[in-house]
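In order, the protein sequences belong to chains A and B. Per my numbering, residue 16 is the first one in the first sequence, and the count goes up by one each step. Per my numbering, residue 16 is the first one in the second sequence, and the count goes up by one each step.
In case anyone wonders, no lab produced these hints; they're calculated from the structure. Small disclaimer: the values here were computed from a predicted structure and weren't measured. Any given hint could be a false lead.
Said to hold, decoys possible - Here are a few chain A residues that face chain B, going by a calculated C-beta distance under 8 Å:
| # | residue |
| --- | --- |
| 1 | 36 |
| 2 | 37 |
| 3 | 214 |
| 4 | 235 |
| 5 | 244 |
| 6 | 276 |
| 7 | 280 |
| 8 | 281 |
| 9 | 283 |
| 10 | 285 |
| 11 | 288 |
| 12 | 301 |
| 13 | 328 |
Claimed, not checked - To spell it out: a stretch of chain B is covered by chain A in this simulated footprint if at least three of its residues, at any positions, have a beta carbon under 8 Å from a beta carbon of chain A; those stretches are:
| # | segment |
| --- | --- |
| 14 | 50 to 62 |
| 15 | 285 to 292 |
| 16 | 308 to 322 |
Note that beta-carbon positions come from the ideal geometry of N, C-alpha and C, so glycine has one too.
Protein chains: 2
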Amino acid sequence: MKALVDKLTSGDVRSAARLIRMIDDNQPAARDALKQLFPHTRRARVIGITGPPGAGKSTLTSCLIESARQQQMSVGVLAVDPSSPMSGGAILGDRIRMNRHTLDKEVYIRSLASRGHFGGITPATRGAIRVLDAMGKDVIIVETVGVGQDEVDIARLADTTVIVWVPGLGDDIQAMKAGILEVADIFVVNKAEHPDAEVTSNYLKSVFRQEKNTTGVPRDWMPPVVETVATKGWGIDALWDVLDQHREYVAGASDYYVVRKQKACRAELENFVHQGLSEKFTTQFADSAMMEEKVVQIASGEADIYAVAESLLAEITVPRQHHVDQLA
Amino acid sequence: MKALVDKLTSGDVRSAARLIRMIDDNQPAARDALKQLFPHTRRARVIGITGPPGAGKSTLTSCLIESARQQQMSVGVLAVDPSSPMSGGAILGDRIRMNRHTLDKEVYIRSLASRGHFGGITPATRGAIRVLDAMGKDVIIVETVGVGQDEVDIARLADTTVIVWVPGLGDDIQAMKAGILEVADIFVVNKAEHPDAEVTSNYLKSVFRQEKNTTGVPRDWMPPVVETVATKGWGIDALWDVLDQHREYVAGASDYYVVRKQKACRAELENFVHQGLSEKFTTQFADSAMMEEKVVQIASGEADIYAVAESLLAEITVPRQHHVDQLA
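Given the sequences, and given the hints that come with them, work out the whole structure.
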């Protein structure tokens, strides 16, 4: 594992691919490697791109890659498709992979499609970001499809999150509710050649004025709205300007961003622990003869699933918090 | 809680509504109530209806309600919408609730939209089924939208699962993969007035001939395909005939169904235990000063989230399985 980490931190693509695959498969060894990578990380700039299907996220990502390369920055892209077992995450990545960046060694594109029972897509994405960061990529773009909880969680991993919207979807943002607005740093109205683009832009701006902020700290960055036509490369420079402004703003350590980041870290830490607890249970109980017997009893109606679950849980000890404090 | 359970088992609608709300909110008291309901359950016939959006599931459900009422059966309906924070589960239920069954006291319709971090929609649905069962409903229809993992898990709770398909979507079932095919008992091709209906029906039949069966026991029920036009009430009698055939078949205790049911119970029991473990952790750790300190360190880059998660997990003891066996 040490050898893999050494090769990776010197930029080796095959080691990166191998480690990301291990992460996607939720192999325990991957977590060891990720811990070893920690000192080599936190240098990359992580940009999240999300929005509903059909908004043009992949095309926009492709524009950002090109523009980053013109600025001499190396780029990593993670195309994440957690949404359904129907679409199969590879499609998204393949679509990008086939494009003009394929031959550029400074661009590394991977798709992620983890949907195992344990772990899930958010921890896998964090792991993959860490891998690209340790590889030395200057910019990491994380592209997700959708506006559900998975996408909100993944957006929390980025330093700057761009929500891509299109004219005509305007009002539907009401339905997206607090979660996605809270992680939005920049709004892009793509396909802005459409006559409704200005109405949509104005609508998005108005949404933030009314937004309820759940961090308890005033939001001191109002997400700007940038209009683009990604298929023609229009508006990409303006988007980079805003991305740079946001980066400077975050570096200024605003209270809002500190609190938001802590909130995201807490949610993720809890998620890691929950996942680990589930694995402990599975290792020790799930294949036992006792479990088998209980399952047969529940299926036949002899035993009550709620009572069985309770008796299993009574066996597992979580120490009272002061024990931990003594050790901490 | 005893009083609530007594009122519920005598058919009281307001008690049912209250308990389902408690379940949806994942209140601990709800689990006690559900254990008390166990002796009053396992009498209802649970029919699951799922399929992609726009297939006409709600209209079909409405037809089944009417037909069940003509057969003097009381009906409970759970309209489940776990898929996204965008749609807000109430819409589905409202749409049905407004229809012609509103005034019939023997029909009780509820929507479920739980998407809390813990618990999730499948345990909430199981709980709500148990409530309607204990109320004395003869038939319980569980309607879900979509073909993702949530829908597969919910379908496993039903005695008979109907997948609603429409002409023109035929080939997409390839993308649904094993999970949904394994839970399908009956296929409905709705909107069968469409000229492609027969092609779609034939296609669906062919899918099962090629299906890979992961239960390890031969599938001895090949899901029949029924054509309906729910908006006109066509094909509903034929659907009931097949529903009744399937019921008789299951009562005959086929090995395939016994194994399938055990598999579903195992997955659900594990899910309950995972949820309970997460709650234990949250109660004892999540609000502690130690967690707060660790979160601040992770957010600022001083501490590694993987290392912190590991040290927290090391504090929690899952006994080796032989301990449990001694107690079991």
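Against the structure, the hints come out as follows:
1. With 8 Å as the threshold, the beta carbon of residue 36 of chain A stays out of range of chain B, its nearest partner Cβ sitting at about 18 Å, so the hint is violated.
2. The interface hint given for residue 37 of chain A is violated, since its Cβ lies 14 Å from the closest Cβ of chain B, which is over the 8 Å cut-off.
3. The interface hint given for residue 214 of chain A is broken, as the beta carbon of that residue sits about 21 Å from the closest beta carbon of chain B, more than 8 Å.
4. Nearest Cβ of chain B to the Cβ of residue 235 of chain A: about 18 Å, over the 8 Å cut. The hint is violated.
5. The beta carbon of residue 244 of chain A is not positioned within 8 Å of any beta carbon in chain B (closest approach about 26 Å), and the interface hint is therefore violated.
6. The beta carbon of residue 276 of chain A is positioned within 8 Å of a beta carbon in chain B (closest approach about 5 Å), and the interface hint is therefore held.
7. Hint status for residue 280 of chain A: holds, given a least beta-carbon distance of 4 Å to chain B, under 8 Å.
8. The closest approach between the C-beta of residue 281 of chain A and any C-beta of chain B is roughly 5 Å, which is under the 8 Å cut-off, so the hint is satisfied.
9. Because the beta carbon of residue 283 of chain A sits about 6 Å from the nearest beta carbon in chain B, less than 8 Å, this interface hint is met.
10. This hint holds: residue 285 of chain A has a C-beta 6 Å from the nearest C-beta of chain B, less than the 8 Å allowed.
11. Interface restraint check for residue 288 of chain A: the shortest CB-CB distance to chain B comes to about 5 Å, inside 8 Å, so the restraint holds.
12. Taking 8 Å as the C-beta cut-off, the interface hint given for residue 301 of chain A holds, the closest approach to chain B being about 6 Å.
13. Of the supplied interface hints, the one on residue 328 of chain A holds, with its beta-carbon coming within about 4 Å of a beta-carbon of chain B, less than 8 Å.
14. With a threshold of 8 Å between beta carbons, the proposed coverage of the segment 50 to 62 of chain B by chain A holds, since 3 of its residues qualify and at least three are required.
15. Under the rule that three or more residues need a Cβ within less than 8 Å of chain A, the assignment of the segment 285 to 292 of chain B holds, with 6 such residues.
16. Check result for the segment 308 to 322 of chain B against chain A: holds, 11 residues qualifying (beta carbon to beta carbon below 8 Å, three or more required).
Comparing the model with each numbered hint stated earlier shows that hints 1, 2, 3, 4, 5 do not hold.
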